Amino acid sequence: MDFELNEDQEALAEGVAALCEGRFDIETVRLMATDGLDRGRWTELAQTGVFSLTRPETDGGLGMGWAEAVVVFEQLGRALVPGPLVATTLTAALVGLADTTTIVETSGLDATEIGEGAAEGSIVVGALQRCDGPCFVEFAGWVDGLVISDDEGLWWVEAEWLKAANAARAAHPLDPLTPVSVVSELPQGRRIADRNTAIIWRQCGALLTSALQLGIAAGATDLAVEYAKQREQFGKPIGAFQAVKHRCADMITRVEVLRAAVYAAAVTVDGKGVDDPSRCVAVAKVLASSAAAACGKDAVQVHGGMGYTWEVDAHLYLKRAWVHDLAFGDGDEYAEQLAGGLLSG
Amino acid sequence: MDLCYTEAEEAFRDELRSWLKGVLPDVGPPPTDHTDLKARRAYDTQWQRILYEAGYAGIHWPAEFGGRGSTPTEHLIFLEETERAGAPYVGVNFVGQLHAGPTLIAEATPDQQRTHLAPILRGDHVWCQGFSEPGSGSDLASLTTRAFDDGDHYVVTGQKIWTSFAQVADYCELLVRTDPDVPKHRGITWLIMPMDLPGIEIRPIVTALGASEFAEMFLDEVRIPKVNRVGDHNDGWRVTMVTFAFERGTAFIGEIIASQRLLADLAKVAQKVTRGSARAADDKGIRRELGRLEAELDALWSLTKRNVSQAQRTGMVGPGGSVFKLAYADVRKRMSDLAEQILGRAGLAIGDTLDLSELDHVGERLYTLTLTIAAGTSEIQRNIVGERLLGLPKDR
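Line order of the protein sequences matches chains B and V.
Per our numbering: the first sequence = residues 2 to 346.
Per our numbering: the second sequence = residues 123 to 518.
Incorrect hints may appear among the rest.
The following residues of chain V were derived to be distant from chain B, with all beta-carbon distances above 10 Å [claimed, not checked]: (1) Trp141; (2) Asp233; (3) Val349.
Label-pair distances were calculated between CB atoms; the ranges are [what the hints assert, rightly or not]: (4) Phe137/B x Ala333/V: 55 to 63 Å; (5) Ser185/B x Glu501/V: 49 to 57 Å; (6) Ala333/V x Asp276/B: 36 to 44 Å.
Calculated from the structure, these hints are not laboratory results.
Computed from a predicted model, the values in this text were never measured in an experiment.
We put the CB at the ideal spot given by N, CA and C, even for glycine.
So that you can see chain B by itself, here it is in the shape it has in the complex (with noise of 0.2 Å):
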């Protein structure tokens, strides 16, 4: 047992981290919330192999585990890049594998053209959980298509849909980065994958969010203690007063057993574990969404007045924060799965 990242993990992650420092710096991530979806930055990301990353070699992706794409998606995550990373990823990993080839051919799509394109970044993806009624689409005005998830399947919305979708834009979105619309009701969509992809796109796709939580939560626990340690106040920096410096270190604590559990998530969904891969994602993503949430509100806190400022990129942590919590389920809805476990024992 090493529960560690290797050499070449740990090559990886400060790769995407320079890639991010210098392309995705934070000045340019707030631009994006006039422009939307930058295209050029967005193929760009592909060019690096972000999208490719678990597809497998024989469709000329990277064919990395899900370990490393976790280390990947930690380093997005703290950069905030915006856009629909995780479904984007998840198509060119999973739609268009040998398995659900009959379920292709019925719908009339090419589903491997759609995974070609968006790992190579030509095509984006959006992602949602069928609900029924009123419903809140992210990015419909930037994206190609909408990957509907449902207990039987993956389903497929074209992007005609999501032009109309688009016209019904929010105009102050909670997170600026994540524009979303409201629509009165989903389309069926065609089905493009079958039941059980659809619980493997779930189930990694609560793990990739998870990876970008675990990022927030870091990148929100750096700029606190940052600021602790730069702010003067009564003569010394504040981070030296308990009072700071305990939040500091409840964030970081927050942190590192998230980190514990996402990568536990990962490489036992990568078959290198002994438990159940469905109970560590579900593990995972309870404790993102409350870790990351959490943070996001200290580090508004840390900051003082200054947290609740546009300028400084706290509420920016803390906003993308809760987007994730829902996405691909929420942090209760893997805790009433947990405690069924728990319960059915």
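Once you've looked at the hints, dock chain V against the given chain B.
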């Protein structure tokens, strides 16, 4: 990065499991009278002797000092399996096995090592710890128990507190003030004190739980031979800190496994307790908190494996231990709150919950109060994490 065990590790686990299966039925349950410390000592040291004879004593001690020299991962497996099998807890052997023994290995003279290490491993000698004082808790280095130089002896006078199992111990690892005129960390000396010397008086401390292995220890001109000094005169603080280098992230493994069992049992209790026509388990709030706590414990088990892996690579855990302890104490207190919520009025008696459970959820509720206090309060742990891990400035 993986969570798989190697073939050698799995073989170690299998061998240990089958050995435990064979030996545990003869060991029997621990004594039920918590105030009978002699019975407790007899039970715990008997188990230590059994471990010794099977080659499992001092699992993490180096082989040259009679230990098994296991890797941190094997140590993890050992603690996991013994707890899962319901084997006796380290109990009265705690200080000898996990603190005094490792200190002697690192710092004692060959003579001292020959005298003390083997009896600790065999369960012949029980050790206690004379560190804390009424005036020196979190600020341990401010201790004032005074040792005067008297030829080939130190003459020690003062008061110690929280000395677990002092009543039944053979030796005490004792910190004394040998120089009050230098900065506090530089005037402390580490001594081996035989507990049968004249001038030692022990008074038990009754805790909020009602009974206790804790004691106060009053020292009145106790004459301790200088050959019992470990490390140099006035070098006791460094000797004490060296012991922490032995920590390999394994300290709470038994507790984590026991907590998982406790939570699983709480889920069963929640299915038996009813409120009107509904079971406690049907309450959505209770269900979700059960699920969240299950997630927290699972993550802490993973964090343990991370810390152990780090120890395996680098030989140290560092502030990761403080991070773990902070999170663990918090989770256990939340478990206690949930137990309170589930038990309702059945929580009004310790150790007797209307046959709802074999386990004592009410007693655990009181026990968890110690988790944010003992072995470094959560406030001190947060200082350690804030200053050593995050690099925040000290408030001095």
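Taking the hints in turn, this is what the structure says about them:
1. Trp141: holds, 21 Å
2. Asp233: At roughly 39 Å from the nearest Cβ of chain B, Asp233/V sits farther out than 10 Å, so the non-interface label holds.
3. Val349: With a cut-off of 10 Å, Val349/V remains clear of chain B, as the shortest Cβ separation is near 43 Å.
4. Phe137/B x Ala333/V: 55 to 63 Å: With a Cβ separation near 57 Å, Phe137/B and Ala333/V satisfy 55 to 63 Å, so the hint holds.
5. Ser185/B x Glu501/V: 49 to 57 Å: Distance hint for Ser185/B, Glu501/V holds at roughly 53 Å.
6. Ala333/V x Asp276/B: 36 to 44 Å: holds, 38 Å
When held up to the earlier numbered hints, the structure conflicts with none and fits them all.
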